[in-house]
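Novice: Given next are the chains, with one letter for each unit.
Number of protein chains: 4
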Amino acid sequence: MTISFGHSPEVLEIVRRTISFVEDVALPVEEFYAGSAHHLPEEMRLEIQSEAKVAGIFAPHVGVEYGGLGLGMCDRAPVFEAAGYSLFGPLALNCAAPDEGNMHLLEQVASDQQKEEFLGPLASGTSRSCFAMTEPAPGAGSDPTALLTRAERGDDGWVINGHKWFITGAHDADFAIVMARTSGEPGSRGGATMFLVPTDTVGFVHRRDIDTLDESMYGGHSELIFDNLEVPDNAVLGEVDKGFDYAQVRLGPARMTHCMRWLGTARRAADLAADRAATRKAFGGRLGDLGMIQHLIADNEIDIEAARALTLKACWDLDNGLPSAQSTSIAKTFVAEAVNRVVDRSLQICGALGVSGDIALSRLYREVRPFRIYDGPSETHRWAIARRVIRTIDKARQ
Amino acid sequence: MTISFGHSPEVLEIVRRTISFVEDVALPVEEFYAGSAHHLPEEMRLEIQSEAKVAGIFAPHVGVEYGGLGLGMCDRAPVFEAAGYSLFGPLALNCAAPDEGNMHLLEQVASDQQKEEFLGPLASGTSRSCFAMTEPAPGAGSDPTALLTRAERGDDGWVINGHKWFITGAHDADFAIVMARTSGEPGSRGGATMFLVPTDTVGFVHRRDIDTLDESMYGGHSELIFDNLEVPDNAVLGEVDKGFDYAQVRLGPARMTHCMRWLGTARRAADLAADRAATRKAFGGRLGDLGMIQHLIADNEIDIEAARALTLKACWDLDNGLPSAQSTSIAKTFVAEAVNRVVDRSLQICGALGVSGDIALSRLYREVRPFRIYDGPSETHRWAIARRVIRTIDKARQ
Amino acid sequence: MTISFGHSPEVLEIVRRTISFVEDVALPVEEFYAGSAHHLPEEMRLEIQSEAKVAGIFAPHVGVEYGGLGLGMCDRAPVFEAAGYSLFGPLALNCAAPDEGNMHLLEQVASDQQKEEFLGPLASGTSRSCFAMTEPAPGAGSDPTALLTRAERGDDGWVINGHKWFITGAHDADFAIVMARTSGEPGSRGGATMFLVPTDTVGFVHRRDIDTLDESMYGGHSELIFDNLEVPDNAVLGEVDKGFDYAQVRLGPARMTHCMRWLGTARRAADLAADRAATRKAFGGRLGDLGMIQHLIADNEIDIEAARALTLKACWDLDNGLPSAQSTSIAKTFVAEAVNRVVDRSLQICGALGVSGDIALSRLYREVRPFRIYDGPSETHRWAIARRVIRTIDKARQ
Amino acid sequence: MTISFGHSPEVLEIVRRTISFVEDVALPVEEFYAGSAHHLPEEMRLEIQSEAKVAGIFAPHVGVEYGGLGLGMCDRAPVFEAAGYSLFGPLALNCAAPDEGNMHLLEQVASDQQKEEFLGPLASGTSRSCFAMTEPAPGAGSDPTALLTRAERGDDGWVINGHKWFITGAHDADFAIVMARTSGEPGSRGGATMFLVPTDTVGFVHRRDIDTLDESMYGGHSELIFDNLEVPDNAVLGEVDKGFDYAQVRLGPARMTHCMRWLGTARRAADLAADRAATRKAFGGRLGDLGMIQHLIADNEIDIEAARALTLKACWDLDNGLPSAQSTSIAKTFVAEAVNRVVDRSLQICGALGVSGDIALSRLYREVRPFRIYDGPSETHRWAIARRVIRTIDKARQ
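Protein sequence lines correspond, in order, to chains A, B, C and D.
Going by UniProt numbering, the first sequence opens with residue 1, and the numbers climb by one from there.
Going by UniProt numbering, the second sequence opens with residue 1, and the numbers climb by one from there.
Going by UniProt numbering, the third sequence opens with residue 1, and the numbers climb by one from there.
Going by UniProt numbering, the fourth sequence opens with residue 1, and the numbers climb by one from there.
No wet-lab data here; the hints were simulated from the structure.
Don't take each hint at face value.
Intra- or inter-copy, both count: the list cannot distinguish identical chains.
[As the list claims (entries may be wrong)] Below are the EDC-like pairs computed for lysine to aspartate or glutamate, each with C-alpha atoms no more than 20 Å apart in a straight line: (1) 242 to 112; (2) 242 to 107; (3) 281 to 185; (4) 115 to 271; (5) 115 to 143; (6) 395 to 289; (7) 115 to 174; (8) 281 to 358; (9) 281 to 271; (10) 395 to 271; (11) 281 to 143.
Pulled out of the complex, with its shape left as it was, chain A reads as follows:
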């Protein structure tokens, strides 16, 4: 239990391989498709995943029994960061959202049969998934208790009706983990249940792909309608009415893996800008000789180092089974804002070039913005953080 920021030689070797892979494979493909996974053909996804397998870096977070590298949270942090250096890196390693979080959830909660049917293909990249929780107003968003989608017991299983949106990866996904209310009323917590639903089930309607500021998530963000969607009993993931608890199981680690990946994006932006500052001549010297540019560069380094340290701290809590709601909320809030600051500063350093498509910064600028909203807006996290502080005081006073 000594403090350590070091990583084992084994993990560092995976990091090195990931860095090479991103340089050689992921970045060129990203460049070709201008960072838009919406336009990436299925075959290209399979090809880069196949190359990641050859490189020995595929599915770093998945248990070895499912073909992964079996890395814990702290160990996967530098690997995911290295993958996130390209917008397409996590997809290639099969550790992108939402599949990565779904694999984690299935490993924790699914039955053996469900693991075989859903987790296996997902872990190997054969199938893709989505996590159907959020709903348009006035449904479940920052406030999950507003859940409107409802599952009712039918003759032979369950009948689900509801409306979902911003369901990442839903386009052409093979199955969805659907969150539906099974008890209580919207506004109260009540009980929710998770269901494993193949997307070709009758009543599972893909209404549209939502046009969004970001474009790098494979499968985009979709709007779905569940119109008398019938699913059998064994579609229930875990137990009935435990959906909100399972959502927590999924969300804590998912928050951190988001942080790791976007940290890689921030590092890339900062590198692009520093490189520009080191070479661009201006005002009789280099950009990087100017104090105001140095200020921006230094703040990038500070933000990245702090984001990384907070991420590791929260991962440490998760790996050690310690309470992690506060530390993951803190890390997610800080990292999301820090990543945005870093990309913004980097674009500013590069000036008109940064605005142009000649360098990746304007693309990264669009991609990172939603992270301050996805996985809980900063405001929701801050509310939760403060409430825990106040509750601790309340308890101490009792």
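Following the hints, complete the assembly by docking chains B, C and D onto the known chain A.
Specialist: Then chains B, C and D, alone, in the frame of chain A:
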């Protein structure tokens, strides 16, 4: 000389008409083209300009002798802001960059013949122009003395060679105001000269349209090559070697009209967000009942009010012939950053909806970012602001 | 009704005289007492006020019938700012809080007899006053409806009981304007009444001078107890139960005069820092040649210019009888925060010297901090600003 | 080498004892002297140090051979933070600046004889020391190469002449570590040498105690004159001309121990504010129910968690002999600014109470401000951080 923030009834009437026009004409067209002026057909430009003429709000900044409304800087401020409420409003009123700034420059500097040939058609919307000053590294950008494009006396006029980029509006423009070095060497100030050049002149090469984060400027941002571009003597705008001075003539007011227009964008973003906050239910109340959302709303109002006051102050200086380099630099820097903050907060208030294309915020988010770089990055302005402070002290000490 | 930021020659002449006076009289006295008005003897106050009278700048805000200069809000803005350049300037001009706000209130609301008895001596500097409104928790603070101090009709007037704190200027004041509840219960608004009470009345107990971060307000901040304080009927200021309305009459302009004075403090801090930057050698040049220092200097100028423009805008609203609750809230919030930023940056520029007592910055640093709390904390103002936005939307929807 | 944020049971036990000690001993004494170590009598210092010895927490950073607890950087972090919860805690544990840094330096560099004469008494609290490096303008400050104080070889040792200021702890210190130029000229780096000098040596003149914003450092900050100060050869600490290198030996760890102590101050401020928010009623609820207050509370937690994580990261580098210039610069810059933000927000949450002396916040507000300047202003650190980034790129390009 009493202090006043009021506007005359005549100006307020123009503002009212502009507000109606934007609501009825500009916003629907903007929506149809998703805010991208790059895809707006020429006929559509002419149609909305024709409707603005009917509404009596066309060319508010242009002298009445050229068919404009003849408004000074302070008077045009609320009109341009109202126009800027839509990304297409300024285009419709023919007061968008770069034509608007070019008209100002031509009114100040051009010969009668040049006015007839270039200003008249430009003011009426018959022709379009661009201002060819900035160059790719290591040429003229934030540091204008780095100017590389060179004009040399030929047998019968001038021969211009150079490379320009980020020339706004250049695609299909009818003529360009070209800035070229006519004495001195790059790195020293030396002398520059402005030339009026029809874009169909031999040697005027449109190399490409640059892909940019923003898309709302008609004619986009282009890269140009001047390859032994021959122009006659009467192509010289004003006097030889006075180009840097004329650039100042153009830049001061152009800075402020940018501020006015983007202020309208900020107002729109804030309105969209406030409307959402007033209606969206969450956590048992409305979004707008939550303190953190109120914080964002209040900061939007503060930023807009301060941006508007600074803009008016600088316009007052310009209208009264007072020194305005400092006040326009201050206003430009603050407004560009305030506008970005407002749009960012507004998007955050709207959450996932803000990220989507279902509301204009994600579009506005992309459009306003470059304003912190165009017309002088904030860093360059801050450097100039500080230098003036120090120089004033130096002088007082002598 | 044309827009103007100019001031009349008469006002500018008063400004010039104030600048000289502050340089010659106020700053040396401030320096001698290290900025602490808590240790300034009564005779010294009378002496500098006497010199201000000689200089023709005494009581610029007071009507000429009471010996003042009769300046409106916009006109007094540059005069108060010039006075605020020294922490002792406003005291010398008799335009410091709380007397200045009390004079305004008395001019608006007091009876002729009350004006003769209280306003006359106050305007001439013969007497001093305080405004006894705020109470310790859980009484009236940011939330005025929490008012606990109660006045009840007695046989022959009123009997007041209550507990006040942070009553600025109360030490050795001659009279107080006391705010007490005359109907309703704490938590509801109900009705409050203002009373004019000589401080030597039986039952008016000065419990202590509160030790505070700031020390420049003459008479400090006191805690008062009203222990069966009996006052006659003619002690009522204006009408019974209208106290909350009168508080608004006082608060709008008082907010702005605070802004004007503290703006002078910010200007002084920025000047001290710029002077240091222009002369201090470091790293082979001057401090002011370093980009990061230039950044701080430029931001000071931006903050000051914006603060001044917002102050003038709100003053314009007040002078013209326009709705001003929003514009004064916006100005107060921005100015209070801007002034703090300016002083903080200025101290930073001066480094260890700034921390020391060898230059005024560490003193100014302490003095300006409470302005973000006094006269309504920024949070209360932001809440009010946002609520007005939402209410406007609600009304438009009805 | 697995990542860990955990501390050993032994360290946690020391932390627990320190928390109790601070609560029972340090805070009451701090309160009695209103946080001013300038007014703390010598006997009181010895008494609280004696109690810290009894508690088994004295000199946690010192080797066991000198009576300390022998904790490395990571292990001392939580102990110092716990001590820093009171402004007097570090003094009581004998781990306050500058003695703590001087002990570290002496342990690393001093000869056995010097250790016996100087380190022993210092470690036990019998003597006190100062570190005489910084000079008034235009001497050594942020730019150490400006060093003006000069030591020249005399007949029998060295003769030192110079002028120092902001020498912390110098008042009544027993000895000084004096930094003087022994080769080169001001502006170049040249060579500096450190000398161990008893303060009662002839020519060692204590000119004055500087009045400063902060008052919690025992012995204050002094101005010193070295007037033909003669010292023997064995006064040289380490080797001649290696002073700049030794300064680095001292500065890295000293930066981090500052961070640890001030982090305790931030934690205390945040606790005071959270406690207030949990209990103060306002607007029909508690302060802590208001979103804007929750925002402030949450940001305090985020800042503290990030500051702590960065501190541990840099300590990890130091403990493992890794390059630490970058990580300690990053940590120092972030922590200094974060601590200031936390105290500022906490004061704001407490409103008028926070401004008053009834709670420690206004005191802490003054104390933490200089930390953004002491030990290198943020600007100097940012410059160094950026320069390292650029140099790394330069090297990679060669």
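Novice: Look at each hint and say if it fits the structure.
Specialist: Results for each hint:
{"no.": "1", "hint": "242 to 112", "result": "within (18 Å within a copy, 68 Å between copies)"}
{"no.": "2", "hint": "242 to 107", "result": "within (16 Å within a copy, 59 Å between copies)"}
{"no.": "3", "hint": "281 to 185", "result": "between (63 Å within a copy, 16 Å between copies)"}
{"no.": "4", "hint": "115 to 271", "result": "neither (41 Å within a copy, 46 Å between copies)"}
{"no.": "5", "hint": "115 to 143", "result": "neither (30 Å within a copy, 58 Å between copies)"}
{"no.": "6", "hint": "395 to 289", "result": "between (54 Å within a copy, 16 Å between copies)"}
{"no.": "7", "hint": "115 to 174", "result": "within (15 Å within a copy, 65 Å between copies)"}
{"no.": "8", "hint": "281 to 358", "result": "within (18 Å within a copy, 41 Å between copies)"}
{"no.": "9", "hint": "281 to 271", "result": "within (17 Å within a copy, 33 Å between copies)"}
{"no.": "10", "hint": "395 to 271", "result": "between (47 Å within a copy, 14 Å between copies)"}
{"no.": "11", "hint": "281 to 143", "result": "between (50 Å within a copy, 10 Å between copies)"}
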